[in-house]
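Protein chains in written order, with the numbering used here: chain B, 1 to 222; chain A, 1 to 358.
None of these hints come from the bench; they were simulated from the model. Worth double-checking, as some hints may not be accurate.
As the list claims (entries may be wrong) - Pair ranges (Cβ atoms, derived):
(1) B:Tyr35 to A:Leu26: 49 to 59 angstroms
(2) A:Leu10 to B:Tyr35: 29 to 39 angstroms
(3) B:Phe110 to A:Leu26: 48 to 58 angstroms
(4) B:Arg45 to A:Leu26: 56 to 66 angstroms
(5) A:Val244 to B:His25: 23 to 33 angstroms
(6) B:Val28 to A:Pro86: 43 to 53 angstroms
(7) A:Pro86 to B:Lys107: 56 to 66 angstroms
(8) A:Glu242 to B:Thr14: 48 to 58 angstroms
(9) A:Gly12 to B:Tyr35: 38 to 48 angstroms
(10) B:Met19 to A:Ser252: 34 to 44 angstroms
(11) B:Lys20 to A:Val347: 24 to 34 angstroms
Cβ coordinates follow ideal geometry from the N, Cα and C atoms, glycine included.
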Amino acid sequence: MKQYLGNVINALMTILIGMKVTFKHLFVPAVTIQYPTVKPELPERERNRLYVNMDDCIGCDQCARACPVDCIEIETVKSLPTEDLGKTSNGKRKALWVTKFNIDIGKCCFCQLCVFPCPTECIYMTDVYEFSEYERNNLVYNFITLTPQEVEEKKSNYAKFEEEKAAQKAAAAKKAAEEKAAAAAKKESEEKSASTKPNEETTIAKKDAAGNPQSGEKKEES
Amino acid sequence: MTIYNFLLKLTGSGILASFIQSLLPLFVFILPFALFAVLLERKVSAHMQDRLGPMRVGYHGILQTVADILKLIQKEDITPTDTDKPLFNIAPILVFAGSYAVFAAIPFSSAFIGTNISLGLFYIVAVSSLVVAGILMAGWASNNKYSLLGAMRSAAQIVSYEIPTIMVILTIVMVSGTLNLNTLSEMQTGHFWNWYILGGPGAGLSKFLLIPFMVIGFIIIYTSTLAEVNRTPFDIPEAESELVAGYHTEYSGMKFAMFFLAEYANMFAVSAIVVAIFFGGFQSPIGYLGNTLGIHWLIPIEQFFWFTMKGMFFVFVQMWLRWTLPRLRVDQLMAVCWKYMIPIAFVNLIIIGLITYI
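Put together the whole structure using the sequences plus the hints.
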């Protein structure tokens with residue numbers, strides 16, 4: 001009987017204690033943040049969407065190599081010696097046209113490993129965390145500042161420059177080979193007839209740099 | 001002048017006046033109350049868990065339930081193929097009818113009582129049992145094991161807990177000598193010390209002797225009515241974590257809304273019964289403003305206000321308990337009823353009988 005009444009009183013008392021606790025919580029300020037209208041204050045070093053400040057990017061590809069999931073794709077084109085790309089904010093000279101700088105944020109694992117290697121501190125994590133998209137392709141961010149036409153122009157410029165350079169090189173190589181051949185021929189002829197004219201011919205060939213046919217003519221003449 | 005007389009004068013026909021009067025509690029009271037109570041429930045639960053609850057629709061979400069109802073109306077009314085269709089369709093109506101019929105005998109104010117029948121309390125006890133039939137029907141017709149389990153549990157629970165409820169009602173009937181809720185409320189007129197929780201009207205030794213036993217009676221009837229409306233801690237019929245939603249698992253759209261409405265109507269109905277028999281019914285605890293100012297038409301409005309406020313308080317306590325206590329196990333539920341509440345109610349009945357005899 002004693003236990004029976006004790007049970008009843010115990011039950012009622014514990015219920016009242018519980019009710020007191022919940023009643024106190026009625027007046028505890030809610031922890032809810034009204035998210036889209038009120039945003040929580042993020043910690044200082046939060047890691048969210050990546051951003052690249054292209055003014056400072058020198059196209060060194062170090063971030064792409066650091067990325068463990070290969071979400072950064074960079075392509076660069078060398079600038080012509082005549083072009084001046086300016087300098088980055090910490091004084092590094094830019095030498096490459098960055099023709100492609102894609103970050104697939106859908107692949108990104110937000111490890112921040114790409115941020116530390118950057119010599120100019122141009123790639124960093126921002127506090128933007130709302131970037132959901134309906135199309136998966138829209139998650140590939142394109143950071144380059146050049147228009148597609150400009151990219152083509154830079155590419156063709158460089159290709160032309162390369163071609164010219166290759167042509168020059170080829171010409172130089174050919175000339176060298178010819179000179180060698182001519183020298184060899186002259187040696188032979190000198191040995192044969194011991195004529196005295198080779199010096200004049202070589203000076204003429206040196207004067208016109210790209211004059212292949214001329215030199216050929218001259219060779220024929222000679 | 002009662003509302004019925006006013007309607008009789010307005011329409012000139014007794015049938016029409018009764019008809020309009022019978023619809024009044026539904027459209028003036030139950031629907032707005034259900035809208036408000038659902039919001040209150042969500043807000044109370046939220047704030048007790050340090051959250052905010054609905055905040056978007058209207059100022060602090062006050063129109064949330066209106067939006068929910070609009071959504072429910074638009075929903076497709078699905079009847080699963082293997083159900084017993086007539087029973088399946090009748091069940092929600094029966095459940096709602098059972099809880100709505102209770103409102104017929106509840107005195108909202110001295111000017112408004114659905115039917116002033118002399119067997120009011122008896123009628124309420126009898127007609128609220130109709131809900132059990134509706135719930136069993138819903139559970140059986142759904143052809144779903146969870147629904148059936150929920151319905152079985154619900155029936156067992158409601159039938160068990162009716163006994164302590166009736167015992168306590170019996171004690172009040174013994175003390176007051178009436179089953180009419182209107183007369184019962186009128187008897188507790190004056191100030192709050194005339195309420196039956198504080199020994200009822202009149203002075204003398206017996207009044208003070210009655211107080212502790214009336215408090216015990218109140219605790220028993222409040223707990224058992226809580227179980228009758230299937231609310232936490234007695235919510236095993238619709239235990240979300242065990243049975244999907246109990247007997248209304250298969251219902252959708254407006255039929256589900258009917259169950260929902262019945263649940264909230266029931267919540268107020270049981271609170272109203274507790275208020276009417278223990279807390280002075282529609283009587284004001286501190287006297288009427290209408291009396292002091294001499295404006296007599298204000299008194300019924302004040303009475304309605306007090307009745308609603310007391311009822312809402314007990315509805316709030318139901319919510320408060322819901323967010324405080326965990327759910328009881330089935331055996332614990334039966335133990336509480338048969339081993340504790342019924343014996344105590346019985347002893348209480350005898351003691352109060354002896355005191356009133358003195």
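Here is what the structure says about each hint:
1. B:Tyr35 to A:Leu26: 49 to 59 angstroms: violated, 39 angstroms
2. A:Leu10 to B:Tyr35: 29 to 39 angstroms: Cβ of leucine 10 of chain A to Cβ of tyrosine 35 of chain B: about 53 angstroms, so the range 29 to 39 angstroms is violated.
3. B:Phe110 to A:Leu26: 48 to 58 angstroms: Hint holds: Cβ distance 57 angstroms, inside 48 to 58 angstroms.
4. B:Arg45 to A:Leu26: 56 to 66 angstroms: holds, 60 angstroms
5. A:Val244 to B:His25: 23 to 33 angstroms: holds, 29 angstroms
6. B:Val28 to A:Pro86: 43 to 53 angstroms: Since valine 28 of chain B and proline 86 of chain A have Cβ atoms about 50 angstroms apart, the given range 43 to 53 angstroms holds.
7. A:Pro86 to B:Lys107: 56 to 66 angstroms: holds, 58 angstroms
8. A:Glu242 to B:Thr14: 48 to 58 angstroms: This hint is violated: roughly 24 angstroms between Cβ atoms.
9. A:Gly12 to B:Tyr35: 38 to 48 angstroms: Check failed, 59 angstroms falls outside 38 to 48 angstroms.
10. B:Met19 to A:Ser252: 34 to 44 angstroms: holds, 35 angstroms
11. B:Lys20 to A:Val347: 24 to 34 angstroms: holds, 29 angstroms
The structure fails to meet hints 1, 2, 8 and 9 from the earlier list, while all remaining hints are met.
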